[in-house]
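Sequence lines, in order, name chains H and W. Quick note: the first sequence uses full-length UniProt numbering, first residue 1, plus one each step. Quick note: the second sequence uses full-length UniProt numbering, first residue 1, plus one each step.
Hints listed in this document are in silico derivations from the structure and should not be mistaken for laboratory results. Computed from a predicted model, the values in this text were never measured in an experiment. Watch out, some of these pointers could steer you wrong.
Copies of the same chain are indistinguishable here, so a pair counts whether it falls within one copy or spans any two.
[Stated by the list, open to error] Computed cross-link-like contacts, DSSO-like style, restricted to lysine-lysine with a CA-CA straight-line distance of at most 27 Å:
(1) K48 <-> K33
(2) K136 <-> K327
(3) K308 <-> K33
(4) K434 <-> K471
(5) K130 <-> K112
(6) K448 <-> K463
Below are the chains, spelled out letter by letter.
2 protein chains.
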Amino acid sequence: MDGYTVPNFLAQRAFLTPERQALVSEGTSLTFKEMHSLVLKRAAQLSKAGVKESDKTGVLMSNSLDMAVTIHALFYIGSTAVLLNNRLTSEEIAWQSNHSQTVIIITDEQCKSKAPVNICETVSIADLPKAESGLKSFLAEFPLEKPATVMYTSGTTGHPKGVIQSFGNHYWSAAASALNLGLHHQDRWLLALPMFHISGLSILLRSVIYGICAVIAPSADARLLNSLIHQQKITIMSAVSTLLTEMVQSMDGKYPDFFRCMLLGGGPAPLSLLQKCAERGIPIYQTYGMTETSSQIATLPPEDCFTKLGSAGKPLFPCSISIQNDKQNCQPNEAGEILVKGANVAKAYLYEEAELTDSGGWFRTGDIGYQDEEGYLFLLDRRSDLIISGGENVYPAEIEGVLLSHPDIFDAGVVGMPHAKWGEVPCAFITSRKHLGEQDVMKYCQEKLAKYKVPHSVRFLEKLPRNAARKLLRRKLKDILQGESGNV
Amino acid sequence: MDGYTVPNFLAQRAFLTPERQALVSEGTSLTFKEMHSLVLKRAAQLSKAGVKESDKTGVLMSNSLDMAVTIHALFYIGSTAVLLNNRLTSEEIAWQSNHSQTVIIITDEQCKSKAPVNICETVSIADLPKAESGLKSFLAEFPLEKPATVMYTSGTTGHPKGVIQSFGNHYWSAAASALNLGLHHQDRWLLALPMFHISGLSILLRSVIYGICAVIAPSADARLLNSLIHQQKITIMSAVSTLLTEMVQSMDGKYPDFFRCMLLGGGPAPLSLLQKCAERGIPIYQTYGMTETSSQIATLPPEDCFTKLGSAGKPLFPCSISIQNDKQNCQPNEAGEILVKGANVAKAYLYEEAELTDSGGWFRTGDIGYQDEEGYLFLLDRRSDLIISGGENVYPAEIEGVLLSHPDIFDAGVVGMPHAKWGEVPCAFITSRKHLGEQDVMKYCQEKLAKYKVPHSVRFLEKLPRNAARKLLRRKLKDILQGESGNV
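Just need the whole structure built from these sequences, with the hints factored in.
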């Protein structure tokens, strides 16, 4: 589809349905028309501050109306937005802005202390030059191939990679999701995940492409989110397991009938949580996606959300999934590496020549899973997190799921530790509500898991290392183990 | 988005949601899984009959389950389907199949008498070789650029042109429509327009891309269609003005609450009809589209369907519209040629080197219209149908709208006739319910139209010439006038 364009997402929406509610954020409510004119002004400010179409601009902000407006304003100028994770250390952020060659970083009060020094200019929103009127000439059309955003993937080994998401990738992703979840004009999507991750950004973009309202949550407090669902007439929310666990725990009664979809991503979900949600009538749509696929690539279809617990569903309509071992397609129920394909999949990493996908269009995700006889995807783990114990594949997520089903275990993470006889064995890290002994935990696991999957060691932590999207950072658990062995 | 593919539409749908109802046709109901296996068998039959991936295959059929299955089967083989209008004469059909170089034409009992002789092989569905099992290997992925269908446009001058619609064009069209009309899982679309036109074919394709049911109407009888809406729980229907007029006239009571959208295309709609529908609570979404745009390119947004009567709305989300006179953009309310843009617009006509669109991606439609201050599109006419009378632009559709508002006029068509003083003047053709005199009609028009727009002559016909999509064929009316002057 070379040579085709799409209209500037927000400008088109402001033209098509100017009076619809676009965004709610901490007491402020904007229509698409109002948002368009705010964005034009912000674009004029950014332009005065030196942001150029040809450059990459860093965004180091926390979720807010300001952040949403800034991202759109960069699209209006045509500058590629490099979305920087505000939970990273200053050093990590400095590495990413240096690598991406951002010319300016836009930041806010909350994040500015993390802005790197001596890499490039940094401007806080509050310090932007004033603009009397909006940007005169803005990018009215987005070429499908044009880079819209760059996001660095955590990267389990080596340096993180900057995924280039084009405007075409974002459009295909949004349309594909609508073909699965449906699109109702009264839909309102709760945005409680960070916009520097694709899980959060994609909500902002969908709201504009669909012409529906995005409600930006002021924090990820579980009670607050539960009450927002009622107050703000939320119909769809995106969440990850840890957040959802907290929401279910602090939930009184049921969600209202207009709430039609809890889109649950961020890796394999513990079955105990899914069962709890099913009992409470929360319609969970487990999903699978990553930065490289510009959000979801597989999601449960509506008819299966109470019947296929534990599955991340089937590919979205314009996407495909394949499971391979040694480049051979796997049989049903046989675990292997997950390969994905679709026009939502990014073409390249920043400053890397090689395309992400092979000649057949497939992207090797590095994740492990299987498809059942009907083609439903079940995620097992990241390949890099796989524990191979005595020749057996052990999936940390499976063990974590068992640990989390224990009434007194609040959070759990499992990694491999070296073992003289078995090569590797599982080691569990947990946070518990009341005092638990290592033996109690092991005994519980022995009842539910094959012997080789039972953790050989259990460590008790105050809190598990999770990233901004609340994804477990297993490599930080490995660091703990390595620190110990280094000390031996 | 070069290099990207989408999965085979029907095969993907049969994989994703196998048990959903796909198609209802004269007492037969099929799920997507059942339809997929029927299509595989039909593809095997067609393959045995000599249909090849590299070839173009004619489809000369009337709306039926068989026609839907045949179209999909050609996609499965990868052969481009040349959809032949069964209302054309044998000579016209022969010209198109010769021009398109179809190797085989697939036909049915109703249409086979029109199949051209000595151009290429013709096979009736009933005479296809039997197939024990389905096609072994089918086209599992559609490259976005690959030609899916060819449809010849009526062409007001010279020979008709074969519009090549790619799989990408069809997908973008379907997704764009969903972003405007929304997508509900209980949607059921009534298919009462011919599938050899884009208005009908696009319903079949949307039903598969959306995973909803298409109900093929056995005929375009107004009473039958009204009752199908109730019986078949239809939520959306596509219609053209003449058909809708008949439906409203033969309607008892109201449409049920689940009926949410009457998509009205095929050119400017008479205001009297729109008013009648508004009074009866029929949600009319006037739309504008053509073969070259693979269906709709502008459609009223839901919030405007009762407030912007007469407008074809705004562009669909990924599309743009511009009005130009002498390559200059028009002011609001200034009439000019309609230009359109979007990834649903075909790239080329068959065997013509030139692209349809200019370097900026715009396709000049040859239609005349204007946009009001808010950007709502109002269609005036085909440029080729424009009457220029004493230097004034006279739009036949406007006069036809006035004629149709007369209680005794059933159908109306207006064309220009040569005039010594004014260059051209309007001439009206009407069918009336009871006897009307020419003077009665003129007097009625004088009350409602500027003097230069009042027809100079009124002809009474039994029936107006309309094509299969019920579009008025004004050139046939011109033929009548030319015949007269030839006889003088």
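Consistency of the hints with the structure:
Proximity of K48 and K33 under a CA criterion of 27 Å is satisfied intra-copy only: 23 Å inside one chain copy versus 58 Å between copies. Only between protomers do K136 and K327 lie at most 27 Å apart by alpha-carbon distance; the minimum there is 23 Å, versus 53 Å within a single protomer. For a Cα distance limit of 27 Å, the shortest separation of K308 from K33 across copies, 19 Å, qualifies, whereas the shortest one inside one copy, 41 Å, does not. Proximity of K434 to K471 under the C-alpha cut-off of 27 Å is restricted to the intra-copy arrangement: shortest distance 24 Å within a copy versus 76 Å between copies.
Taking CA atoms no more than 27 Å apart as the test, K130 paired with K112 passes inside one copy only; the shortest distance there is 19 Å, against 73 Å between copies. In this homomeric assembly, K448 and K463 come within 27 Å of each other (Cα to Cα) only inside a single copy, at 25 Å, whereas the closest approach across copies is 79 Å.
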